[in-house]
Structures are given as C-alpha cells and as structure tokens.
Amino acid sequence: MEFEFFIGIDVSKSELDIAVQQGRRLLFHKEICNDPHDINA
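All residue numbers for the sequence shown refer to my numbering, where the first residue is 1 and numbers rise by one.
Worth flagging that the hints you see were computed from the coordinates, not collected in a lab. Treat the hints loosely; a few may be bogus.
What the hints assert, rightly or not - Label-pair ranges, simulated between beta-carbon atoms: (1) 41 / 3: 24 to 30 Å; (2) 37 / 2: 37 to 43 Å; (3) 2 / 40: 33 to 39 Å; (4) 4 / 36: 31 to 37 Å.
Even glycine gets a Cβ: it sits at the ideal position worked out from N, Cα and C.
Please build the complete structure, drawing on both the sequences and the hints.
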C-alpha cells in the first residue's frame, strides 16, 4: 500500500499554521498561537 501526503507548516512570529493534504484533499488544518503555552497544549 502506498500513501502520498503533503505536510505544510508555516511559521510566523505570532502563529503556526499546520496542514496535511492527501492529493488535493485537505485532511487536517490548524492555526495556533506561536507561544510555548499553546504549542505544548
């Protein structure tokens, strides 16, 4: 079985934007504040 995923992480001073795609289908997307409290949650 073969899988092909694209994982993107956009880092800015104020937030992290994370996405996972399989082909053109978006499987996961989340935006979190770029601070230790939110990253560890």
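Hint-by-hint comparison with the structure:
{"no.": "1", "hint": "41 / 3: 24 to 30 Å", "verdict": "holds (28 Å)"}
{"no.": "2", "hint": "37 / 2: 37 to 43 Å", "verdict": "holds (39 Å)"}
{"no.": "3", "hint": "2 / 40: 33 to 39 Å", "verdict": "holds (34 Å)"}
{"no.": "4", "hint": "4 / 36: 31 to 37 Å", "verdict": "holds (33 Å)"}
This entry satisfies every hint, going by the numbered hints stated previously.
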